[in-house]
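Turn these sequences into a full structure, and let the hints steer you where they fit.
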Amino acid sequence: MRNVLTCTMNICFLSPPQKNTAKHLILGFPILVLVSAVIVDSWGLPIRATAQAISFYIISALAIIFLLSNRQHPPQFGLANCITLARLIITALLASTIGCLHLITETGIWVLIAFAVSAALLDGLDGIVARSRSETSFFGAKFDMEVDAAFILILAFLVWELSKMGPWVLAAGLVRYIFVAASWPLSALRAPLPPSFRRKLACVAQISASIFALCPLESSTLQFTCLAAATIFLFVSFIGDTLQLLRHTAKTPGAQP
Numbered sequence: 064m065r066n067v068l069t070c071t072m073n074i075c076f077l078s079p080p081q082k083n084t085a086k087h088l089i090l091g092f093p094i095l096v097l098v099s100a101v102i103v104d105s106w107g108l109p110i111r112a113t114a115q116a117i118s119f120y121i122i123s124a125l126a127i128i129f130l131l132s133n134r135q136h137p138p139q140f141g142l143a144n145c146i147t148l149a150r151l152i153i154t155a156l157l158a159s160t161i162g163c164l165h166l167i168t169e170t171g172i173w174v175l176i177a178f179a180v181s182a183a184l185l186d187g188l189d190g191i192v193a194r195s196r197s198e199t200s201f202f203g204a205k206f207d208m209e210v211d212a213a214f215i216l217i218l219a220f221l222v223w224e225l226s227k228m229g230p231w232v233l234a235a236g237l238v239r240y241i242f243v244a245a246s247w248p249l250s251a252l253r254a255p256l257p258p259s260f261r262r263k264l265a266c267v268a269q270i271s272a273s274i275f276a277l278c279p280l281e282s283s284t285l286q287f288t289c290l291a292a293a294t295i296f297l298f299v300s301f302i303g304d305t306l307q308l309l310r311h312t313a314k315t316p317g318a319q320p
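Take the position in the sequence shown, starting the count at 1, then add 63; the result is the number in the numbering used here.
There's no promise every hint is true.
Calculated lysine to any residue pairs in the SDA-like style (CA-CA distance at most 25 Å, straight line) [claimed, not checked]:
#  : residue 1 : residue 2
1  : K86       : I152
2  : K205      : L77
3  : K227      : L216
4  : K205      : G303
5  : K205      : A234
6  : K205      : R261
7  : K263      : G187
8  : K205      : A183
9  : K227      : V174
10 : K263      : R310
11 : K205      : L90
12 : K82       : I122
13 : K205      : A244
14 : K205      : P79
15 : K263      : F287
Simulated from the structure, these hints should not be mistaken for lab results.
What follows is the structure, given as structure tokens:
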């Protein structure tokens, strides 16, 4: 195993920060495969469930290595980023059940909800750990944000499959990626945003409402109301960020939109 890792880390086209990130992502891979295999065996899911988890994790890992890891990466991966990595693994496990929820019992659904709650709690913990251990970094902030976006997207797909709320629930999961796509022609949207309590609250509200919508309750009226309100709030937050970036660019002499 050590020889395999050594060989992988010596890939010539990876920078030192990318190698550092890749090492931890590779170490997380067998954990994902093992837990996914246990879930598939215990719940009688098709083998494609594990394939979905692996595919999601590999695509995410490649994006993290080649799009997020850069020279602003800290010299050590750090405990805070390891916690964020644990959230990514949980998100991949949730992704493995997409298309298979009809095979999972109500007890199993509650187990999935417990996984989602664990990921949500870890979302609050990684930031606290980063600040207390002086591990805050540009990479850590971006890593956390992109895992949040992926988590919300997977929750949206699960809610859509499990409930009767309609495809509109996917809007919350897609809004981040719509924003990223819009940033390609609009360079102003690629500028960094200052910390925002509104942005954090919108993310927490959306995750909480999505997890609540997964709960197998007799009446879904309250779940619908909470999820709709959270989704609207999330869109308002993104619109606010977009307008803020565009206004800042307009006020900056020589800035390109």
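Quiz item: Looking at the structure, which of the earlier hints fail to hold?
Solution: none
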